[in-house]
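A.B. asks: One letter stands for each residue in the lines below.
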Amino acid sequence: MAEMDTSSKGGGHKKGPGVKKGKKLSTRIDLTPMVDLGFLLITFFMFTTTLAKPKTMEINMPYKDPNMKVEDQNKIKKSVALTVLLSRNHRVYYYEGIGDDPNVAPDMKSTNFSQKNGIRDEIIAKKKMVDDMKRSGSLSAKDEATILIKPDTTSTYSDLVNILDEMNINDVKVYAIIDISDLEQGWIKETEAANAGR
Amino acid sequence: MPHAKIPRQSTHIDMTAMCDVAFLLLTFFMLATKFKPDEPVVVKTPSSISEIILPDVDIMLLTVDAKGRIFFSIDNKLKRKELIEEISYEKNLNLTEAEKTAFALGSSIGIPFSSLKEYLSSTPEKQKEMDMGAPGVQVDTSVLSVNNELAEWVKVARTSNPKLRICIKADGDASYPNVQKIIKTLEGWKIFKFNLITNLKAIPAGTAAAAAAAGGEKK
Chain A
10 MAEMDTSSKG GGHKKGPGVK KGKKLSTRID LTPMVDLGFL LITFFMFTTT
60 LAKPKTMEIN MPYKDPNMKV EDQNKIKKSV ALTVLLSRNH RVYYYEGIGD
110 DPNVAPDMKS TNFSQKNGIR DEIIAKKKMV DDMKRSGSLS AKDEATILIK
160 PDTTSTYSDL VNILDEMNIN DVKVYAIIDI SDLEQGWIKE TEAANAGR
Chain B
13 MPHAKIPRQS THIDMTAMCD VAFLLLTFFM LATKFKPDEP VVVKTPSSIS
63 EIILPDVDIM LLTVDAKGRI FFSIDNKLKR KELIEEISYE KNLNLTEAEK
113 TAFALGSSIG IPFSSLKEYL SSTPEKQKEM DMGAPGVQVD TSVLSVNNEL
163 AEWVKVARTS NPKLRICIKA DGDASYPNVQ KIIKTLEGWK IFKFNLITNL
213 KAIPAGTAAA AAAAGGEKK
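Sequence order for the protein chains is A and B.
For my numbering, add 9 to where a residue sits in the first sequence, where the first one is 1.
For my numbering, add 12 to where a residue sits in the second sequence, where the first one is 1.
It should be emphasised that the hints constitute simulated quantities derived from the structure, not laboratory data.
Just to be clear, a hint being listed does not mean it is correct.
Said to hold, decoys possible - List time: in silico EDC-like cross-link candidates among lysine to aspartate or glutamate, alpha-carbon distance up to 16 angstroms:
id: 1; chain 1: B; residue 1: 205; chain 2: A; residue 2: 67
id: 2; chain 1: B; residue 1: 175; chain 2: B; residue 2: 94
id: 3; chain 1: B; residue 1: 193; chain 2: A; residue 2: 188
id: 4; chain 1: B; residue 1: 129; chain 2: B; residue 2: 111
id: 5; chain 1: B; residue 1: 196; chain 2: A; residue 2: 161
id: 6; chain 1: B; residue 1: 196; chain 2: A; residue 2: 188
id: 7; chain 1: A; residue 1: 137; chain 2: A; residue 2: 153
id: 8; chain 1: B; residue 1: 193; chain 2: A; residue 2: 161
id: 9; chain 1: B; residue 1: 167; chain 2: B; residue 2: 199
Produce the entire structure from the sequences given, and follow the hints as far as they go.
C.D. replies: Quick look at the structure:
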């Protein structure tokens with residue numbers, strides 16, 4: 010395809026006196042096909058490339074060992090804890106404390122992941138509460154608002170990522186993903202039933 | 013009179029400059045490109061504000077689709093070869109050299125050990141077909157369970173390459189128990205730190221993260 014452009018032959022360029030005419034064949038090549046090829050390859054690479062690298066979220070699970078003694082495990086203070094339960098249809102249930110008393114159902118509220126009046130506001134409120142308590146001296150400076158995340162069997166992976174994202178968004182330093190207990194499953198059902206009646 | 017001497021202007025344009033540009037761009041794309049890895053299933057990952065970029069090497073990818081099927085893959089061809097040799101030995105699969113090479117060159121695995129030999133000896137087209145109906149790698153809540161084939165994959169992969177970073181790429185609609193089983197399996201091997209692959213979303217305004225991103229100017 011590459012044709013030699015010999016147009017300069019009749020071009021009548023003025024040459025220096027010492028230059029022979031026969032050697033003046035222009036070396037110019039028609040580059041159009043080459044450009045075509047170049048752009049074809051560019052197009053190919055543009056379509057196959059993944060410029061945006063996938064982003065990841067790092068997650069640290071609490072250290073767990075079946076042989077760990079109960080008394081060695083970290084205990085968290087009830088007052089700094091907020092338990093968040095994830096349930097079906099992207100609903101979020103939450104209550105203050107850790108729900109350690111099986112006889113007394115905690116004051117469980119229901120919310121969702123929306124931008125306004127969602128779980129974010131609750132997390133911010135909890136953080137503020139812990140900060141206030143730290144200032145007033147009822148909690149030591151080491152204490153941090155702690156969120157216990159307990160996804161139930163009907164929740165989806167996106168719920169988990171969303172709540173972990175809220176932790177990053179709201180700069181919660183201490184949080185953990187914990188298995189939900191049957192008791193809490195029951196509480197969710199009760200809350201669901203109570204809300205449905207309203 | 014001088015006009016008569018000037019020949020008709022050629023319509024040819026000097027393509028050199030354009031060629032330069034084209035090949036410059038071509039070089040850029042060739043160097044910047046990283047081919048999309050062959051994915052067995054379509055996974056729509058949820059979004060997060062996290063901006064950590066996934067490293068290029070030493071990753072173990074656990075893909076979970078919306079139905080909860082798990083696909084396992086690691087990146088390095090040489091490591092894949094080591095991995096399949098170990099798996100073949102431990103599970104008495106009696107894989108031939110060709111089948112091992114097929115594994116090393118292949119992508120994700122989502123089938124049980126029992127049908128691995130059949131899978132690896134098939135043509136790539138047949139493998140794709142099998143991937144469509146693949147049950148996914150079996151997983152259980154305990155690493156000691158015989159059914160927990162993922163635990164075996166993870167264990168062997170980690171011995172062949174201890175630097176492996178484990179990434180979970182799960183569909184947003186995958187139910188939590190499926191993901192939980194993976195997390196439990198990883199915890200069983202004392203892996204408490206791993207990555208979740210997410211899309212990027214904007215940081216919501218007026219939050220702690222937004223303030224941190226702005227250099228702590230607000231609040």
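A.B. asks: CA of residue 175/B to CA of residue 94/B, is that 16 angstroms or under?
C.D. replies: Roughly 15 angstroms between the alpha carbons, so the hint for residue 175/B and residue 94/B holds.
A.B. asks: Has the given pair, residue 196/B with residue 188/A, been kept, meaning a C-alpha gap of at most 16 angstroms?
C.D. replies: holds, 10 angstroms
A.B. asks: Given the hinted pair residue 193/B and residue 188/A, is their Cα-Cα distance within 16 angstroms?
C.D. replies: It holds: about 11 angstroms lies between the C-alpha atoms, which stays within 16 angstroms.
A.B. asks: What's the verdict on residue 205/B and residue 67/A, does the C-alpha distance respect the 16 angstroms limit or exceed it?
C.D. replies: With Cα atoms ~7 angstroms apart, residue 205/B and residue 67/A stay inside 16 angstroms; holds.
A.B. asks: Would you check the hint for residue 129/B and residue 111/B, treating anything up to 16 angstroms between C-alpha atoms as holding?
C.D. replies: Distance ~7 angstroms between residue 129/B and residue 111/B Cα, so the pair holds.
A.B. asks: Residue 137/A and residue 153/A: Cα distance at most 16 angstroms?
C.D. replies: holds, 10 angstroms
A.B. asks: Quickly compare the C-alpha distance for residue 193/B and residue 161/A to 16 angstroms and report which way the hint goes.
C.D. replies: Roughly 13 angstroms separates the two Cα atoms, so the pair holds.
A.B. asks: For residue 196/B and residue 161/A, compute the direct alpha-carbon distance and say whether it is at most 16 angstroms.
C.D. replies: Satisfied, since the Cα-Cα distance of roughly 15 angstroms is no more than 16 angstroms.
A.B. asks: Quickly compare the C-alpha distance for residue 167/B and residue 199/B to 16 angstroms and report which way the hint goes.
C.D. replies: At roughly 12 angstroms apart (the allowed maximum being 16 angstroms), residue 199/B and residue 167/B satisfy the hint.
Every hint from the earlier list agrees with this structure, and none is contradicted.
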